[in-house]
Each structure stands twice: as C-alpha cells, then as structure tokens.
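S.K.: Letter by letter, the chains look like this.
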Amino acid sequence: GIQVEQSPPDLILQEGANSTLRCNFSDSVNNLQWFHQNPWGQLINLFYIPSGTKQNGRLSATTVATERYSLLYISSSQTTDSGVYFCAVVASGTYKYIFGTGTRLKVLA
Amino acid sequence: DTGVSQDPRHKITKRGQNVTFRCDPISEHNRLYWYRQTLGQGPEFLTYFQNEAQLEKSRLLSDRFSAERPKGSFSTLEIQRTEQGDSAMYLCASSSGLGISDTQYFGPGTRLTVL
Numbered sequence: 001g002i003q004v005e006q007s008p009p010d011l012i013l014q015e016g017a018n019s020t021l022r023c024n025f026s027d028s029v030n031n032l033q034w035f036h037q038n039p040w041g042q043l044i045n046l047f048y049i050p051s052g053t054k055q056n057g058r059l060s061a062t063t064v065a066t067e068r069y070s071l072l073y074i075s076s077s078q079t080t081d082s083g084v085y086f087c088a089v090v091a092s093g094t095y096k097y098i099f100g101t102g103t104r105l106k107v108l109a
Numbered sequence: 110d111t112g113v114s115q116d117p118r119h120k121i122t123k124r125g126q127n128v129t130f131r132c133d134p135i136s137e138h139n140r141l142y143w144y145r146q147t148l149g150q151g152p153e154f155l156t157y158f159q160n161e162a163q164l165e166k167s168r169l170l171s172d173r174f175s176a177e178r179p180k181g182s183f184s185t186l187e188i189q190r191t192e193q194g195d196s197a198m199y200l201c202a203s204s205s206g207l208g209i210s211d212t213q214y215f216g217p218g219t220r221l222t223v224l
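Top line first, the protein sequences correspond to chains A and B.
Each residue of the first sequence is one higher than the one before, starting from 1 at the first, in this note's numbering.
Each residue of the second sequence is one higher than the one before, starting from 110 at the first, in this note's numbering.
If you're looking for bench data, these hints aren't it; they were derived computationally from the structure.
The beta carbon of each residue, even a glycine, is placed where N, CA and C say it ideally should be.
Do not take every clue at face value.
[What the hints assert, rightly or not] Now the stretches of chain A that chain B is said to cover, found in silico as 3 or more residues with beta-carbon under 8 angstroms:
(1) 39 to 48
(2) 95 to 101
[What the hints assert, rightly or not] Some chain A residues near chain B, calculated using beta-carbon distances under 10 angstroms:
(3) Val-4
(4) Val-84
(5) Phe-86
(6) Val-90
Full structure from sequences and hints, please.
M.R.: Structure, rendered in structure tokens:
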C-alpha cells in the first residue's frame with residue numbers, strides 16, 4: 001500500500017520563527033489534506049490540497065503531485081501552533097485516507 | 110452547523126464485553142469515516158460510508174468490529190468481545206463529498222479503555 005512519510009519528526013521553534021514541514025508519498029494520490037492535532041487531541045483540517053498552492057493567514061501549503069510531495073509552511077509561529085501536524089492522502093482507486101507519521105511541533109514563548 | 114459529535118466521550122469496559130459508539134456527522138454530509146488512533150500514532154482508517162453504503166473497510170479490521178449508518182445520517186461502531194489491544198481513541202469524521210473540496214471535519218473522539 002501507499003507509504004506516507006513526514007519530516008522532520010520533531011521540531012522546536014522560538015515564537016516568531018518560520019518553518020517548513022514536508023510530506024512524501026509513494027504513489028499517485030487523489031486527495032491530500034493537512035491537519036493540526038492540538039494538545040487536547042482535536043484534529044483540525046488546515047488544507048485540502050491535492051495539487052497546487054493555497055494560503056490561509058500565516059499558513060500556506062504546496063503540493064507537487066507529479067513529484068509526490070507536499071509542503072506546509074508556517075510563518076511567524078505562535079505558541080498556539082504547537083501540536084502534531086499530519087498529512088493524509090487517498091491513493092487512486094480507493095476511499096481510504098492514509099495518515100503520515102506526523103511532525104510534532106513545539107513553539108516556545 | 111454544530112460540528113461532528115461523538116458519544117460517549119470516554120468508555121471503560123472489561124475485556125470480553127461489547128461496546129458501541131455513536132457518531133453524528135455535520136448535517137447533509139454524505140461521507141463518514143471511522144478511524145482509530147493510539148498514543149503517538151496517526152489516525153488509522155477503519156471504514157468509510159457514502160450515505161448509508163459502506164464502501165470501504167480496512168483489511169486490518171477484525172470480524173469483531175462492525176459499523177452501520179442505517180439512514181445515511183448518524184453512524185455506530187460496535188466492538189464485540191473487546192480485547193486490551195482495542196484500547197485507543199476512536200475518531201469519526203465527515204465531509205460533504207462535493208466536487209472540488211472534500212475537507213474532513215473530525216469529532217472529539219471516544220476514548221476506549223479495556224481493562
């Protein structure tokens with residue numbers, strides 16, 4: 001089945017710093033989403049982005065489907081950005097979302 | 110729009126007992142997903158419904174697990190003869206399934222502890 005790997009696995013930033021999170025996937029996909037799981041466990045959808053670039057405030061994402069990767073950019077990080085970031089993909093021909101290994105982010109005040 | 114709700118939020122049971130969880134998706138969302146998440150891992154897909162039809166089920170799911178969505182609205186997930194390895198957070202998500210965006214909205218989850 002499709003493999004989804006994220007890097008880095010852990011990241012510690014000072015408040016105000018920028019970061020780039022990466023998601024690599026091993027096969028062609030129909031859908032790709034980025035999620036933030038906050039310290040209380042709630043999963044929040046950040047982007048639905050099977051291809052192209054989107055921006056939402058301090059966050060933006062780019063997916064290059066032909067090269068099988070997606071990037072999530074966080075600018076001017078805040079302590080509330082702490083948590084785990086997951087990408088999730090759906091392989092062609094299925095409805096099954098496969099979540100990546102996650103990037104655990106901690107933003108220090 | 111009140112979001113995805115799940116009930117109960119916490120369940121403690123003894124090994125061998127049956128448990129049932131309920132998920133109420135966002136109204137008019139025709140897609141519904143169940144996931145399981147253990148500590149330190151990402152959510153693991155269990156099953157997918159489009160309206161009342163169960164279109165995909167994980168091969169990892171044993172016969173002790175069953176899910177229904179009888180009228181295409183709420184869904185239930187039942188685990189029979191629970192085992193300690195079933196202890197996890199069970200998550201439900203829904204999406205509208207409309208065209209260009211299939212954004213998933215997650216509920217708060219049901220935390221299951223099997224003693």
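S.K.: Now tell me if each hint is right for this structure.
M.R.: Comparing the hints with the structure gives:
1. A count of 6 residues in the stretch 39 to 48 of chain A with a Cβ less than 8 angstroms from any Cβ of chain B is obtained; the coverage claim is therefore met, three being the minimum.
2. Check on the stretch 95 to 101 of chain A: 7 of its residues sit with their Cβ under 8 angstroms from a Cβ of chain B, so the three-residue criterion for coverage holds.
3. Hint status for Val-4 (chain A): holds, given a least beta-carbon distance of 8 angstroms to chain B, under 10 angstroms.
4. Checking Val-84 (chain A) against chain B: minimum C-beta separation of about 8 angstroms stays under 10 angstroms; hint holds.
5. Checking Phe-86 (chain A) against chain B: minimum C-beta separation of about 5 angstroms stays under 10 angstroms; hint holds.
6. Taking 10 angstroms as the C-beta cut-off, the interface hint given for Val-90 (chain A) holds, the closest approach to chain B being about 9 angstroms.
In summary, this structure violates none of the numbered hints.
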